Amino acid sequence: MDIKNSNKTHLGVQKLLAVSVLVILYVFFSIFGNNFFSFTALVNILDASYFIGFMAIGVTFVIITGGIDLSLGTTMMCGALIGGAAYNLWGWDIVSALLLTIAVSTIIGAINGILIAYLKLPPFIATLGTMMSGMGFGAIVTKVMTMRFPTIDSPDGWFKYIFYKTSSGFPIGAVWLAAAFAIASVLLNKTRFGRYTFAIGSNREAARLSGIKVQRMLTMIYTLSGFFSGLAGIFYASVYTTIIPSTGNGLELLAIAGVVIGGTSMTGGVGSLSGTMIGVFVMSTLKQGLMSMGLQAHWQTFITGIVVIGAVLLDNYRIAKAEKISMRGKAVFHGTFPMK
Amino acid sequence: MPDVLLEMKNIHKHFAGVHALNNVSLTIYAGEVHALIGENGAGKSTLMKVLTGIHEKDHGQIFFRGREVDIKTPQEAQALGINMIHQELNLMPHLTVAQNIYIGREPMKGIFLDERKINQMAGELLKSLKIDIDPATRVSNLTIAKQQMVEIAKALSFDSSLLIMDEPSAALTEGEIQELFKFIRDLKARGHSIIYITHRLDELPHIADRITVLRDGQYVDTVNIHDVTKQQIISMMVGRIIYDQPKSKSNVPEDAPVVLEVRNLVAPNVSNVSFTLRRGEILGFAGLMGAGRTETMRAIFGADPLESGEILINRKKVNITSPSDAIAHGISYLSEDRRAFGLAIGLSVKDNAVMANLEEYSKMFFVDDKQVKKVTNEYIEKLSIKTPSITQLVKNLSGGNQQKIVVAKWLIRNSDIFIFDEPTRGIDVGAKSEIYGLIHQLAAENKSIIMVSSEIPELLRMCDRIIVMCEGRVTGELSIDEATQEKIMSYATMNM
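Protein chains in written order, with my numbering: chain A, 1 to 340; chain B, 1001 to 1496.
Mimicking BS3-like on lysine-lysine, the simulated pairs with C-alpha atoms at most 27 Å apart in a straight line are: (1) K1363/B <-> K1374/B; (2) K1109/B <-> K213/A; (3) K213/A <-> K1117/B; (4) K190/A <-> K1127/B; (5) K1382/B <-> K1247/B; (6) K1072/B <-> K120/A.
Keep in mind that the hints were calculated from the coordinates and are not lab data.
Model, not experiment: these values are computed from the prediction.
Please model the complete structure; the sequences and the hints are all you need to start from.
Structure representation (structure tokens):
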């Protein structure tokens, strides 16, 4: 059957496109950038991908259900700030502090889920609210002080060796991200949890009538997104060391942009984590590449914006084309009623 | 006497004051195809939603296999073996056929989905039903007919003894319908019972054993299909309620000029529709839900693209590609959903009245409030709109008065052709007669009116001429002196 799984191939086309964009960008910057074609630059690309990558993995699930999570960035910061407060101010050991980081973010995710699934708030509004409150809460708990995680030479410096770079300079964070990607991919593609994520995004009412506990599922999915924001917080802390209160908003948009570039549809039902990872790397390659050409951060955001719009335009064009074909089919059907 | 599978006794159901089901009973035998028929709003869907646990009944009893049951959720109905194939199919388009059939009951290998097993199970199920579909196909790639088959297969995978099909043939081609009928006969031969909801009376002799007719939420009768004629079924459906004086003859003079002519209009769900509209005429459009009347009007108004066909206004061909084109040509469209299409309900009466014509009531960049007040007051008086003031918010007015404000808006815009789509849906009797008066008044002022309505008595009372549509085509045209409910119904259910 030649039309079989054509959705999958469509997603495949978009993914292929994203891969080729990634390759083209890499080659382009290798030729025109300063010192871009180097191990150091590659490591820099990876470093910039960790925290966005974790957030993007979590929010991919949310977007496949047709929802959105705007609170990712500040949830990550809120978790990292409170974990930092535990380590800096309350005398916790580093392991407990990191666990607290994850716990705080996961709880914010669960709050999002309850607001959306049970209290029926639109995802945009619910997560807009927690985005703002999460940012405020982190600043309140830390009394607006900057939190510091251990540096390499401090006694707890092993934390960086585990999550960021080994003593030999190997970017170990990439291994963690790859592991998270692998586990999340299995969850999304091989388990009921993943199947129901797609089912809800594809036709929520049909999913409900099929006996899927949609509210519970949605709560779990937003909680998962919060959990991944917590992981992102740990990796942000391991790369950047200092966590500044009242920051983090805007970072969620980088993650969402990565998901969208990777071909996940904002209307739900379609998406892949491999696409998301490619999307994330497209953005961090852009960032490093533009830097290597001497263009500053504002250029990076400017061009990332264009890439996001281009990716979605392409997606819309593809959907419109697919619909046109099915409409044509419909017209044929009306023409074939035999007259009595 | 055959075995009774299901018995619904004296079912009552109210919705916000409306008696949607009034003492309705239904008996289904094992292994029969039982058609449930009635006009729009007769209570067919409500009855079935009560049976499948989507709605809760107010009174009455349901017996299934001789035992009284209390069905509260679709899952409980499913557990009993009662499954409904809804008209808007409940499938997840992005999942495969197999994934849809076994959603919520996936075969597992430990904590992982067993993709091979699910395809194998679905493959066997489809094969046993002689349905030729690859279980690994994505549902969005199937035709509506195949999707329906998938949904039926899904229902049967639950060991269903009673299948309810809500207008399954509505979206199918003739060939697909024949296939569906064959499939239904197979199911019947295996002992499944089927409740078949349809509007197409011509299908009944081919498929149904018995029929039950509902009208206005009440049980009319249950008969063997071979004991009745189509005409008898139609009279059962429409009843013998005498509506206050139907119009006896057309008020349009013989020589009234044609203001609007539509030639061979083709649009989504509209095939080859042609008609004319004269000055001062009230032209009715009758038909069942989904007959393509609204789609025709939307295409004329430029709200939906027309694929081919010509529109002539005052004998001149015009090109209408958007509502603003139509408005410029003097056509106004008053949709059934006033709130969505006709009015900004959060704004005041006067703001709404001049909304379509602000340029004329502006000086430079500023709205000329004095002129606006003047013209608004003029039309409030002319149409006797009941509002405490012209600054009242439209949402605080009654449905009838809201409708009048929409009309005022288009009159101020100098419209000559008014398309009313279900103008009286959801408003009370008093407001209805006000709307009728308003439409008569417009016609008396030589405006031309198209009135789309699903209430046949209303059309008989209002119109000079009635066009009947079915399946996107014009199936009949009746002058008012020859039109009757029965004639209109038989055109509206004409299976082409």
